[in-house]
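Those sequence lines, one after another, are chains A and B. Residue numbers for the first sequence follow this note's numbering, so the first one is -9 and each next one is one higher. Residue numbers for the second sequence follow this note's numbering, so the first one is 1221 and each next one is one higher.
Calculated from the structure, these hints are not laboratory results. There may be inaccurate statements among the hints.
Derived EDC-like pairs: lysine to aspartate or glutamate, alpha-carbon spacing no greater than 16 Å straight-line [to be verified]: (1) A/Lys173 <-> B/Glu1287; (2) A/Lys48 <-> A/Glu21; (3) A/Lys173 <-> B/Asp1261.
Interface residues of chain B toward chain A, partial, derived using beta-carbon atoms under 8 Å [to be verified]: (4) Arg1225; (5) Glu1287; (6) Ser1291; (7) Glu1292.
Using C-beta positions, here's what the derived DEER-type ranges look like [what the hints assert, rightly or not]: (8) A/Lys70 <-> B/Thr1275: 43 to 53 Å; (9) A/Phe92 <-> B/Lys1262: 44 to 54 Å; (10) B/Asn1277 <-> A/Asp84: 52 to 62 Å; (11) A/Ile14 <-> B/Asn1234: 40 to 50 Å; (12) B/Asn1234 <-> A/Val135: 46 to 56 Å; (13) A/Asp113 <-> B/Lys1262: 26 to 36 Å; (14) A/Cys7 <-> B/Glu1287: 17 to 27 Å; (15) B/Val1229 <-> A/Lys89: 26 to 36 Å; (16) A/Lys48 <-> B/Ile1227: 36 to 46 Å; (17) A/Asp113 <-> B/Ile1247: 45 to 55 Å; (18) B/Pro1246 <-> A/Tyr121: 34 to 44 Å; (19) B/Thr1275 <-> A/Leu44: 41 to 51 Å; (20) B/Arg1285 <-> A/Thr11: 21 to 31 Å.
Given the structure is predicted, the values throughout are model-derived calculations rather than measurements. All C-beta atoms, glycine included, are put in the ideal place defined by N, C-alpha and C.
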Amino acid sequence: MGNLGSIVNMINRIGYCSEITSDISKITSAEKIILPGVGSFDKAMQNIVNLGLLDVIKTKALENKTPILGICLGMQLMCKNSEEGKEPGLGLIDAEVKKFSFPLDKKLKIPHMGWNLVSTRKDNALFLKMYLEPRFYFVHSYHVVCNNSNDVLSTTNYGFDFHSSFANRNIFGVQFHPEKSHKFGMLLLKNFIENF
Amino acid sequence: MLRYRVIPVLLLKNNGLVKTTRFRKPIYIGDPINAVKIFNDKEVDELVLLDITATINKREPDYLRIEEIVSEAFMPIGYGGGLIN
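Bound conformation, chain B alone (with noise of 0.2 Å):
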């Protein structure tokens, strides 16, 4: 555990994936199981999923999407947004 760790985020607005330049002018780059699949041939050391609406919307994750994403990847899934207590 003394290595550096490539922790890519990946930001999810509604069911795709965006990039944004500094949090704003978000451009759809694709479904996040794709993206997953392209980190896992990358071998990073894990991944993080933010939900950029969730909070925005009140709403809470959208758990079986996670459970959908994260059972494609290979290594471990932080995941952030609507998390409310």
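Here chain A stands alone, though its shape is the one from the complex (with noise of 0.2 Å):
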């Protein structure tokens, strides 16, 4: 929930409103919807579908276009599947979820914990402006493959590139916590509250 608190206070700072809820007529009547997630594929999906948000979430991003912004898990949650479980994705996104695994002699830790840099891979407004060398806090142990790369709106490397945001018109998914990269998130999420 500290997360959770963080989005709000940082869109706060920057100027603007929002609820934390999961109530279907106000996700309903949202101009913008983010998703975040911490913890594991099969209990948020579970979650979703459990608390009836499935056709709402859907509806908003694949018929009425609302913008929507998947962070971390939530990202991930966009994709079609994920390898961490069984239960099928919201599936906003033509992707997967995939576990970080290296080969014997080139280990790296997992999870991807800590600040990395994001090389951006596209023009899109939600890096409008952003400062040279942005970095972003990471805390992951899977992460999305894109199955189309016309999707894929940043990459960074941990062993390899991977993709660590994607955006298909209205549709946004980020890998890091923007809520947690001071400077550097809050003006992606003004960037994600101005600029759609």
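Join these two chains into a complex; the hints should help.
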């Protein structure tokens, strides 16, 4: 819950308001949606289904084209499936989630945890006027693999260049935690709110 | 992750932050939320929060207080003190 509080506080700091909710009518009337997530894929998908939010999220994202930003596990939930679990994902983007695995001679620690650089692969207003050498805080054991290279917004190196964010029209996902990445995260959230 | 990280360590005694000299003579320096806000502005990489009276008082961490402090922070915070299992 601390991370959700940070998201709300960061958005307040930028000058906008947000609300933590699982209420269907509130989500239906939302201008934009942020889908956070900490924990495991299956648990999160089960929660979404049990709270009756599956349809409203899909409708808002795919039919209404409401801008929606997935953060960390939230980004992974937007994919079709994950190696972490058995449940299907939301399927908002053509991508899968795989576990980090490294060859024996180049074994890096899992989870990928700490500050890391993000390199954008295409122009997108989510990174508008971003500071040089943008870095964000990561903490994850699984990573997204986009099937469509046009969807890849940024890559980050951890043993190899993995997809650290994607963007497809109104659908965005970031593997890192903007709410824990001070000025970099603040600018990204500001862009999400102001540019879409 | 090749850069050096600046990680201030904040010592929490009861509800306030203190500074010690060689772990003695704690001087009260203020509320943790104010300190977190200052470090937000200074853009430090991470913070470490240590509750220095939890173990002595055989207390568990004050989870609500931690949540309050952490949600103010725009960077990751590590916590120590009173962690028994």
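Worksheet item: Which numbered hints turn out to be false for this structure?
Response: Violated: hints 1 and 9.
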